[in-house]
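Asker: Quick note, the sequences are listed as chains A and B, same order.
Position one of the first sequence corresponds to residue 0 (numbering that gives the first Met the number 0), numbered consecutively onward.
Position one of the second sequence corresponds to residue 0 (numbering that gives the first Met the number 0), numbered consecutively onward.
What the hints contain is simulated information worked out from the structure, not anything from laboratory work.
It is possible that some hints are incorrect.
[Claimed, not checked] Simulated restraints, written as ranges between beta carbons of each label pair: (1) Ala300/B - Ser303/A: 45 to 55 Å; (2) Arg43/A - Asp540/B: 20 to 30 Å; (3) Ala538/B - Ser47/A: 21 to 31 Å.
[To be verified] Not close to chain A: a few residues of chain B, all C-beta gaps over 12 Å, as computed: (4) Met0; (5) Arg171; (6) Asn200; (7) Gly230; (8) Arg245; (9) Asp302; (10) Arg319; (11) Arg321; (12) Thr401; (13) Glu458; (14) Gly476; (15) Ile522; (16) Asp540; (17) Ala598.
Virtual Cβ for every residue (Gly too), placed ideally from N, Cα, C.
Here's the letter readout for the chains.
There are 2 protein chains.
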Amino acid sequence: MRKGIATVSLSGVLGDKLDAVARAGFDAIELFDNDLIGSPLSPRDVASRCADLGLEIALFQPIRDLEGVPPERFEGVLHRLRTKLGVMGDLGATTLLACSNAGADAVDDVDLTAEQLHRVGEVAGEHGVTVAFEALAWGRHVNRVGQAWEAVTRADHPAVTLAVDTFHILARGDDGTALAGVPGDRIGFLQVADAPLLDMNLLEWSRHFRCFPGQGTLDVTGVVAATLAAGYRGPLSLEVFSDVVRETDALVTARAAMRSLLFLGDQLAHAVPAVERDLVSAAPPPAARTDAAFLEIANPAGDSDVEKLFGALGFVLAGRHRSKPVTWWRNGDAHVVLNDGPGPPRSPHATALGVSAPPVETVAARAAALLWPEVSTTRGADEAMLPGITSPSGLHVFVSDTPGHDDHWQRDFEPVEHAGVGTWLGIDHLAISVPPHQLNEETAFFRTLFDLAPGAPEEFMEPHGRLRSLALRPADGDLRVVLNVSEASAEAPYGVTQVAFRCDHVARVVDELRSRGVPFLRIPDNYYVDLVARFDLAAEDVARLRHHQLLYDRSPRGELLHAYTDPLATGFHVELLERRGDYDGYGSANTFVRLAAQASDPAGVVVGS
Amino acid sequence: MRKGIATVSLSGVLGDKLDAVARAGFDAIELFDNDLIGSPLSPRDVASRCADLGLEIALFQPIRDLEGVPPERFEGVLHRLRTKLGVMGDLGATTLLACSNAGADAVDDVDLTAEQLHRVGEVAGEHGVTVAFEALAWGRHVNRVGQAWEAVTRADHPAVTLAVDTFHILARGDDGTALAGVPGDRIGFLQVADAPLLDMNLLEWSRHFRCFPGQGTLDVTGVVAATLAAGYRGPLSLEVFSDVVRETDALVTARAAMRSLLFLGDQLAHAVPAVERDLVSAAPPPAARTDAAFLEIANPAGDSDVEKLFGALGFVLAGRHRSKPVTWWRNGDAHVVLNDGPGPPRSPHATALGVSAPPVETVAARAAALLWPEVSTTRGADEAMLPGITSPSGLHVFVSDTPGHDDHWQRDFEPVEHAGVGTWLGIDHLAISVPPHQLNEETAFFRTLFDLAPGAPEEFMEPHGRLRSLALRPADGDLRVVLNVSEASAEAPYGVTQVAFRCDHVARVVDELRSRGVPFLRIPDNYYVDLVARFDLAAEDVARLRHHQLLYDRSPRGELLHAYTDPLATGFHVELLERRGDYDGYGSANTFVRLAAQASDPAGVVVGS
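Looking at chain A on its own, in the form it has when it is part of the complex (with noise of 0.2 Å):
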């Protein structure tokens, strides 16, 4: 199938626009009126440039409101459309897009809706051009799939056929079940956008929040399989608009396009009988399970106090890399990897991620499937196969096979022999903070190369401004990613701010890192206070919790007790956790307390510096 997308999906000038998206392998573009009339370049210097880049102008879309026209009015309607289909001439694009009228003043009389797109459908096949016809969700009068297929039957022209909208159907509350009984070869167009699932006036959710498919939370992958069903063969469109993609350099945006149509040839993959999967190309498929394996932090400087903090929060020297400059530590199943190797001059942090995803040559063919840049690296011989892929905000990711195979991270260490080890019980989860036009760019990147599913999204009132968190995990494994996006200041810091690692007995683990001197966010008394408001605790319990300035929370499902150190050396501060019972998520309900606690005490102790 080809592959579209419509201009008024990437920001900038319309030369500009057809350039990323040919670059980004698209062979098929929708072109928005308005991106025309603002060019310097008319309609044949535009075909032109689209016929050296290897687009089809695929669909234009130049008017408005062409049915459920006021009887006296539709003469200009139709002057209107036939000085659009000379400029289509130009661009020799021969697809119309006709959207359901909304105006205030739409006449409800669906002979009328069908005699005057009968007509229009004369005047479009006069000039060799096909009218698709969609109803828009906010349609005055036809704003449902079902409302526009009867206009179009009625319509009875056959240069008049329907216009699939994969948001326009979802967003109404139908799905792909709205098309049984339209044949393929009258479905004219099939635009594709995803959206998350917000409650508000459906024209201001289409214009500020659609996005890709993969990045929302719509049953795109559904719409799409019963189009394929039905026979539609025509291209695959993309059209999104939303406050992100219009800031967002077209490049990257072309790029997280692209990507979403091979993810949705992925989902198609499970939903479509073969004959109709062949038409969408997937990648290959991801691993059956992800776990956190390691955190790679990395100290350019070679700061000796790293090593030192690491220390003083129970980690020892569990290896030495075979050919770099590179320690492995360990406290129990949490490991940490110092690189002392050189690298830009900053201050340490976490710049890795370490994760076990077998296979792993699997996991790196479907990362470049989705065009996920790889990380340089070099290999010593006969070291493990460590695929690297950069996140788009700059995070490193590292594949490895699970323990006992070759290509295992650990096997590219020299043991180093000791008593113990530590108790912790790994990485529970990392807090990723990320520009806020870069959340549905992060997280695609979870979803598509690794499976994982985004949770509902929180938000947070940070003393300065708001905080918005979504947190991402698979359905099978251990790793757990948390994305915010903090709106306090433009200069907040992004990377990752927060690593937590999970441990039993919390409170104990929390008195012996205090008395090694690691330092911990203090926990105002008023917050015990409502604790015994908000639950039936026993004093008793209320005085430990306050004695060792835990935080605590309580489901259904279990208990979290948790803690947080001040900000570290490392440039993140670690949280310590306990989850009992079935305790499943991070204690939201503490989260303002932290933020108010850090905003109070900002400086705080800094280990290691």
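On the provided structure of chain A, position chain B as indicated by the hints.
Answerer: This is chain B only, laid out in the frame that chain A set:
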């Protein structure tokens, strides 16, 4: 009346909020429980800090969902209540806000609600606390003020009163008449907030878009007037949360909040009988009419190209300031003042707007009462009094009397005689670009000080982002100001980005200017093809528009012809416009073409550099 504000309306941590509120002149606060819980200050510390600052803790809001609770869980509510009443004792707070139950499991039974409120009243009463019950607009069963009043009446306990919140009442489409028959001594609290009219989920609307009275469009005055008419004499307390206040300095917000109460007093002066009017202090009245008088350009380096530029635009030297290095230039009734005086080393730019708004002294007194900062200027003996006020975005606005009066700005200039002075009709409007978080405040400046009314917000797509636009104008007078927020780039230039002059025969004017070397924005040919489609214009009319590179718009009331220069050496571009008939807009339909043309040719030719 006491003036209060909710701590949730301000950014920062509790201690900073209290300081800001006191400095802005408030004498009461509503304490947001999360602010307390996240604070290292104990309740007694907070009480003593407030006492020192002259702040009463007029309201505390520690519990959600305390009526309509399934009976088996009501004991838990009383447990929470008792704990929080203990905190209130330490705080010295005696009014507790109770919001209607918004939980999915709230019970729809007014008798149960009344019985539980009665019980809550009993427990609160034992602690000397009064409960104010509020209908949240998104309450599950109780969401209109009439329902809340019915519940309060049925609860029949002296410690259970009604809370009035302007947002919740107006958001549901109610108004002040909903309070008919409610005795003032049964109204326990009055919370005040405004909002722009938005069609969205009520909770999201409330959370992100509330604003201070005078910044939105709800009839806050009507509800406050009705509450006062009922006999309520408690605090008038602002409860505003939004994305903007969370990111703005607490002191700036506190001042904007205090100003909004003065503005509200102003509005009430027209709305209620004298007895209630005196309860809220009002500022001196605004001018009866406000006209644009002149634009001032700072030219700190004395760059002679700026004079050349205005010469090319058809301005002639009209006078020299008697005591300052300032010259007055005019083209017909369009006046520009060039200030060669010293200033920060910057390229030439528009720094001030002169307006004619008598009586000058009253406007100055109004500015002072509304806490708008005065411009510090020197004034020669016998010179006009031109009070200057600085807008939040930094624009100086100088207030002049009308011609022939002592305080008319032209009196300070020694006239220069000329044969001709040009034919332009005056300054049509000024476009000011402000940062996103400053739009509300800049709007409030023109609205509260000069009584300009905002039109409907408009939104445009720029090639690299979104442009939001708000036009303001007075009921009488020709001043028009357009405030723009560009989300295209964090580095967008702020300040006066466009100056529109009105003229007759814009085609001739543009030709003359072009012949004198003024560069105009190149309009794409495609635009003229689209004009043919949109309007029934004669071919020769379109050819003429295209020849002169004019943009065109039409409304039922008239026509607009306009053209834009490239960016000039003064940092803004000039728009020339001809209004035909009663055309009253700004050519919004052409904005995307201008933005695209500017992006296609971002460098432009800068006259004078």
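Asker: Next step is simple, just say for each hint if it's right about the structure.
Answerer: Evaluated hints:
1. Ala300/B - Ser303/A: 45 to 55 Å: Hint holds: Cβ distance 53 Å, inside 45 to 55 Å.
2. Arg43/A - Asp540/B: 20 to 30 Å: holds (25 Å)
3. Ala538/B - Ser47/A: 21 to 31 Å: Holds, since alanine 538/B and serine 47/A (Cβ atoms, about 27 Å apart) stay within the stated range.
4. Met0: It holds; methionine 0/B is separated from chain A by about 29 Å at its closest Cβ, greater than 12 Å.
5. Arg171: Given a closest Cβ separation of 17 Å, the condition holds.
6. Asn200: violated (4 Å)
7. Gly230: At roughly 35 Å from the nearest Cβ of chain A, glycine 230/B sits farther out than 12 Å, so the non-interface label holds.
8. Arg245: violated (5 Å)
9. Asp302: holds (32 Å)
10. Arg319: holds (44 Å)
11. Arg321: Correct as stated: the minimum Cβ-Cβ distance to chain A is 46 Å, above 12 Å.
12. Thr401: holds (43 Å)
13. Glu458: With a cut-off of 12 Å, glutamate 458/B comes too close to chain A, as the shortest Cβ separation is near 8 Å.
14. Gly476: Since the minimum Cβ distance to chain A is about 32 Å, glycine 476/B lies beyond 12 Å and the statement holds.
15. Ile522: violated (9 Å)
16. Asp540: At roughly 15 Å from the nearest Cβ of chain A, aspartate 540/B sits farther out than 12 Å, so the non-interface label holds.
17. Ala598: The assertion about alanine 598/B is violated, with a minimum of 5 Å to chain A.
Hints 6, 8, 13, 15 and 17, counting from the list given before, are not met by this structure.
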